[in-house]
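Enquirer: When you number the sequence shown by the numbering used here, it's gap-free, plus one each residue, and the end is 138.
Hint data in this document are derived by calculation from the structure and do not stem from the laboratory. Heads up, a few of these hints could be off.
Claimed, not checked - Listed next, with one range per pair, are the computed distances between beta-carbon atoms:
| hint | residue 1 | residue 2 | range |
| --- | --- | --- | --- |
| 1 | L131 | L78 | 19 to 25 Å |
| 2 | N135 | E87 | 31 to 37 Å |
| 3 | A111 | T81 | 35 to 41 Å |
| 4 | A91 | T69 | 17 to 23 Å |
| 5 | A134 | A108 | 37 to 43 Å |
| 6 | N103 | L131 | 32 to 38 Å |
| 7 | Q106 | R59 | 23 to 29 Å |
| 8 | A108 | A56 | 21 to 27 Å |
For every residue, glycine included, the Cβ atom is placed at its ideal position computed from N, Cα and C.
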Amino acid sequence: MFVSLLAVSFALASPQDAAPPVPVARPDRYESAMRCAGVMAATSALHAFTGNAEAQARSDRNGRGFITAASVFAQPLGLTQEQLSEAFTASTTLALGSITRNPDQAAANAAIDQLNLQHDACLDTARAWLAEANGTS
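Make the full structure from the sequences, and use the hints.
Expert: As structure tokens, this is what we get:
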């Protein structure tokens, strides 16, 4: 059904209809988005652990946004869904690793502080991408 609808839409498109621009491969943007998705997932997990449901929901929303961005940036790179899933798991594990594998409380607290800094940097990255997309950067 979808294929026939797609064929009809192509047949009805006038020659003046411009094709959407082909996304340019931006591995740096993909890597940043995937890293930030992991940071948001780690932040969400910490909020879940402390019982802060509102902050967890915010982190989850932000994380979904970064996953969406990573998926878009991955398209011209030819990455599969499985590769995206593996990258997300790895980025989340990396973001949580120094916190969860550290028996020293002071070091774990320092790792949480570092995660919070990464979280803020990711939000700044998203703001910069939005400003660039809106032509206000």
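Enquirer: Run every hint past the structure and note whether it holds.
Expert: Going down the list of hints, with the structure as the test:
1. As the Cβ distance of L131 to L78 is approximately 22 Å, the hint placing it in 19 to 25 Å holds.
2. Distance hint check: the CB atoms of N135 and E87 are about 33 Å apart, consistent with the given range 31 to 37 Å.
3. The supplied range of 35 to 41 Å is met by A111 and T81, whose beta-carbon atoms lie about 37 Å from each other.
4. Our hint of 17 to 23 Å for A91 and T69 holds, since their Cβ atoms are close to 18 Å apart.
5. A hinted range of 37 to 43 Å for the beta carbons of A134 and A108 is consistent with their spacing of about 39 Å.
6. Between N103 and L131 the C-beta distance comes to about 35 Å, which sits within the given range of 32 to 38 Å.
7. Between Q106 and R59 the C-beta distance comes to about 26 Å, which sits within the given range of 23 to 29 Å.
8. For A108 and A56, the Cβ-Cβ distance of about 23 Å falls inside the hinted range of 21 to 27 Å, so the restraint holds.
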